[in-house]
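Asker: Sequence:
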Amino acid sequence: MAILVYAEHDNASLKKATLNTIAAAQEIGGDIHVLVAGLNCQAAADEAAKATGVSKVLLEDNAAYEYQLAENLALLVTDLAGDYSHILAPATTNGKNFLPRVAALLDVSMISEISKVVDANTFERPIYAGNATATVKTSEDKILVTVRTTAFDAVAAEGGSATVETLSNVQESGKSSFVSEELASSDRPELTSADIVVSGGRALANGENFTKYIEPLADKLGAAVGASRAAVDAGYVPNDMQVGQTGKIVAPQLYIAAGISGAIQHLAGMKDSKVIVAINNDPEAPIASVADYFLEGDLYDVLPELTSKL
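Per numbering that gives the first Met the number 0, the very first residue in the sequence shown carries number 0; after that it's consecutive.
Heads up, a few of these hints could be off.
[Said to hold, decoys possible] With a straight-line Cα cutoff of 35 Å, these simulated DSBU-like cross-link-like pairs (lysine-lysine) come out: (1) Lys-141 / Lys-247; (2) Lys-15 / Lys-136; (3) Lys-174 / Lys-55; (4) Lys-95 / Lys-115; (5) Lys-95 / Lys-141; (6) Lys-55 / Lys-273; (7) Lys-247 / Lys-49; (8) Lys-273 / Lys-136; (9) Lys-211 / Lys-308; (10) Lys-219 / Lys-273; (11) Lys-247 / Lys-273; (12) Lys-211 / Lys-15; (13) Lys-49 / Lys-136; (14) Lys-174 / Lys-141; (15) Lys-49 / Lys-115; (16) Lys-174 / Lys-95; (17) Lys-211 / Lys-247; (18) Lys-15 / Lys-174; (19) Lys-273 / Lys-95; (20) Lys-247 / Lys-55; (21) Lys-141 / Lys-49; (22) Lys-141 / Lys-15; (23) Lys-15 / Lys-55; (24) Lys-219 / Lys-308; (25) Lys-141 / Lys-273; (26) Lys-55 / Lys-95; (27) Lys-273 / Lys-308.
Treat the hints as calculated values from the structure; they're not laboratory data. None of these values were measured; they are calculated from a predicted model.
With the hints as constraints, model all of the structure from the sequences given.
Answerer: Here it is as structure tokens:
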């Protein structure tokens, strides 16, 4: 039984989500092959070859895959599917975009955002915003799965010695083309892969207070900055900072929530964090139920004092 893992990368380097997905593949069991599709992405393929547990890396280096267009990726993965019992992808924007297309082309069902591997055919996945867990068993010949990467500890990035095989079966649909992209630039870590996240909520009242109270603490800790949906909807910060069911799912080593009450939608995106610290003046706030440490106090007093002590 061989497993194909789709590699998340930026053409220059591998993203951590790939290592989490490889960890899920290891729990299924079998030879693990990693597909790196992009343009000038040899470095990412070499990086994937060093990951623990990988036996082979498939490199498809072509302009058709430079921007990870779902239509082209789906055709490529479908073409490779015959050799694999399982196809896994991280539950990222890319993974959620192309893998359902592969399922449609193969005429099989797929299982989304697994959080646990029970056996090769049975998986757990969160439902109802993480308030319940469904156990799903499939009898499909080809098992297609997206992986909630925060639920699996990443495999070691070094230690493997897989072979890299270059492919030449370019699949281009001709139905879509890349137009442009605008990337938010920041000196802080990426929100979904940061070890520490400092998030603010509606209690901050405006964007200036994010700059004044949240960002100095994040900079001291080398942390990413997040926000609740309420803060994003109010226009305090851009929506790429939103943590929650309809935002980004994070599971850092330390999550600090300031002025966030803890609506179900927000908790679904951060409750897998290793240590959760909540700062709130309401001891009955829902976030207290998941916090490891709850500090009752006014964030306008607590945050400057905490920042000054670091």
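Asker: The structure should be examined with respect to each hint, and the outcome stated for every one.
Answerer: Results of checking the hints against the structure:
no., hint, verdict
1, Lys-141 / Lys-247, "holds, 29 Å"
2, Lys-15 / Lys-136, "holds, 28 Å"
3, Lys-174 / Lys-55, "holds, 31 Å"
4, Lys-95 / Lys-115, "holds, 18 Å"
5, Lys-95 / Lys-141, "holds, 17 Å"
6, Lys-55 / Lys-273, "holds, 32 Å"
7, Lys-247 / Lys-49, "holds, 28 Å"
8, Lys-273 / Lys-136, "holds, 29 Å"
9, Lys-211 / Lys-308, "holds, 16 Å"
10, Lys-219 / Lys-273, "holds, 20 Å"
11, Lys-247 / Lys-273, "holds, 16 Å"
12, Lys-211 / Lys-15, "holds, 31 Å"
13, Lys-49 / Lys-136, "holds, 32 Å"
14, Lys-174 / Lys-141, "holds, 26 Å"
15, Lys-49 / Lys-115, "holds, 25 Å"
16, Lys-174 / Lys-95, "holds, 19 Å"
17, Lys-211 / Lys-247, "holds, 23 Å"
18, Lys-15 / Lys-174, "holds, 30 Å"
19, Lys-273 / Lys-95, "holds, 25 Å"
20, Lys-247 / Lys-55, "holds, 31 Å"
21, Lys-141 / Lys-49, "holds, 27 Å"
22, Lys-141 / Lys-15, "holds, 25 Å"
23, Lys-15 / Lys-55, "holds, 18 Å"
24, Lys-219 / Lys-308, "holds, 10 Å"
25, Lys-141 / Lys-273, "holds, 34 Å"
26, Lys-55 / Lys-95, "holds, 24 Å"
27, Lys-273 / Lys-308, "holds, 23 Å"
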